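Undergrad: Using the hints provided, position chain B relative to the given structure of chain A.
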Amino acid sequence: MRVRGALILLVAALFALSLAVGPAGMAALWDRTGPMPLILWEIRLPRAVLALVIGAGLGLAGAAMQGFLRNPLAEPGILGVSGMAALGAVLTIHLGLATALPLALPLAALTGAVIGVGLILGLAGPRGGSVTLILAGIAISALSGALTALVLNLAPNPWAANDIVFWMMGSLADRSWVHVALAVPFIAVGGAVLLIQGRALDALTLGEDAAQSLGVRMPRLRLALVLGTAAVVGAGVAVAGAIGFIGLVVPHLLRPLAGHRPGALLPLAALGGAALLLAADVAVRVILPSGDLKLGVLTALVGSPLFLHLIWQMRRGRV
Amino acid sequence: MGIAVVIGATGFAGADPVAEAPSRVVSINLCTDQLALLIAVPGQIAALSELAFDASYGVDVPPGVGMTLGQAEDVHAMAPDLVLAGTFSGGAAVAMLERLGHRVERFAPEVTLDDIRANIRRMGDVLEQPARAAALVAEFDAGLRALQDGGRRPRAALWFANGYAPGPATLAGQILEAAGFANVAVEAGIDANGFLSLEQLVLLAPEVIVTGQPYPGASRAEDILRHPVIAALNGVAVAPVTDRDWVCGTPTVLRAVAGLVAIRRGLAP
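Going down the list, the protein sequences come from chains A and B. Here my numbering is used: the first residue of the first sequence is 1, the next is one more, and so on. Here my numbering is used: the first residue of the second sequence is 1, the next is one more, and so on.
Just so you know, the hints here were simulated from the structure itself, not pulled from any lab data. Just so you know, these numbers come straight off a predicted model, no measurement behind them. There may be inaccurate statements among the hints.
So the derived list for chain A, only partly shown, Cβ under 10 Å to chain B, looks like this [stated by the list, open to error]: (1) A20; (2) G22; (3) A24; (4) A28; (5) R32; (6) M36; (7) I93; (8) T99; (9) P158; (10) W159; (11) V178; (12) A203; (13) T205; (14) R217; (15) G241; (16) P289.
Glycine is no exception: its CB is placed at the ideal position from the N, C-alpha and C atoms.
If we strip away everything but chain A, and leave its shape as in the complex, we get:
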């Protein structure tokens, strides 16, 4: 409970900081004159809300996948789930569906993510051996990345090829309430579905047979995991691009604080994910105020060393 309280305070502080950072300075927080209210309400607030919600979703999805596969390397970005979501989003945008029907964008990203998670769970099998899991992830990431780049290169719009870096690295720059409205409902529902799997994931640590004897229905758990993860990742990617490593870093850091119980880790990972993405989004604006440094640059800088560390530990049989 103490950990949770501390994380809530951290998230609140970072949320406030996110509202305070920008070229217009801190004054946007209290100045009620000129363009300042617009800057706070129309530019900074939707951005902070998206960072909070998408970060929470990614942390939660990472923790849930790791709990289900019983493997600390499982993460939507590394396993290509985010890449598949981006492919779905890019396809709807460039087929013109997203303009005709705005909801098509998150739905298509969600569909891409469902295919991604489905492929991963199918290929890795119920036990989720690390090598199979990572190899499947590499293949799916490469395929989705290549197809995304292909679609964007074939698009008639000369700026589309420019967008490749957005879809692969992610950014929250200049997103609006329109994007909040598109993404948040899906992430809320998907997140709730994942959160209530806590007890089943705890039971699963004893092994599949033991979990089943405790009343966990495996097919149902798998379905909930696939749909919950896909909704959370798909909606996030649809508006912010594929932001990697959050689902890897956050559960890894918080697992000891949750007593290594996957169920207890879920809410903590959501809070930690929100904190990490808010912090990363503040950092990109401080490092490059007028440009659009991609979030994935920062999360990968933090995440890849940790990933290497995890692999090193696995080799020595500590995980």
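TA: Here is chain B on its own, set in the frame of chain A:
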């Protein structure tokens, strides 16, 4: 293309003998395409780049002119006596053509209105049509003078996909200045190529936001132009302009200047 027609009519009689001038000119860059078309006499140009044939750039290609992909192989096969290229395009193709012994003239992109005059004169020299080039410069200057009226200089932002905001040391910035606007990018410390975030733009509160026409299809880069906060800004005019008049530093930029002058005259005095 009004200018081209006028020059074509007046300059033709006094043209230098085509016998000495290059007679199989191949241009592999959209901007040298346009400049060459304005200055060359009929029959001098053998081929132009692919983009010149793209209707969206509005280049009026005379019949009998071929198309090149701008690759060393197809240019060489045309046996040109002069190849026109831009300094930043087709680097490998240009190097290969020079190795194969072709005469290649490279034109730097025009950044100021003076660069436009200089490139017109240079094109006149390499095509050996200096009189036509001089007439075109005079025509350009007269057109520019006619558009300048010394009124109030409203503050305007040039703001394109990804928040690209060219400063005064760019062709777009010069067009904006020639049309009688003050570029707000200067206030943000941008001299040449810069970017304004949405927040900076709102803070600068320009009277007019000059922006590009959206291209067909969609892109995340252009999303920024449709952000709701732009519509929420009070009293800010958003003026989409046609990119093709801004791309190349040729006398066609007068069309871009004229378009902006019309917008300025529509503002409150």
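Undergrad: Now tell me if each hint is right for this structure.
TA: Consistency of the hints with the structure:
no.	hint	in the structure
1	A20	12 Å, violated
2	G22	5 Å, holds
3	A24	5 Å, holds
4	A28	8 Å, holds
5	R32	15 Å, violated
6	M36	8 Å, holds
7	I93	5 Å, holds
8	T99	6 Å, holds
9	P158	6 Å, holds
10	W159	4 Å, holds
11	V178	7 Å, holds
12	A203	42 Å, violated
13	T205	41 Å, violated
14	R217	41 Å, violated
15	G241	8 Å, holds
16	P289	7 Å, holds
When the structure is compared with the earlier hints, violations turn up for hints 1, 5, 12, 13 and 14 and for no others.
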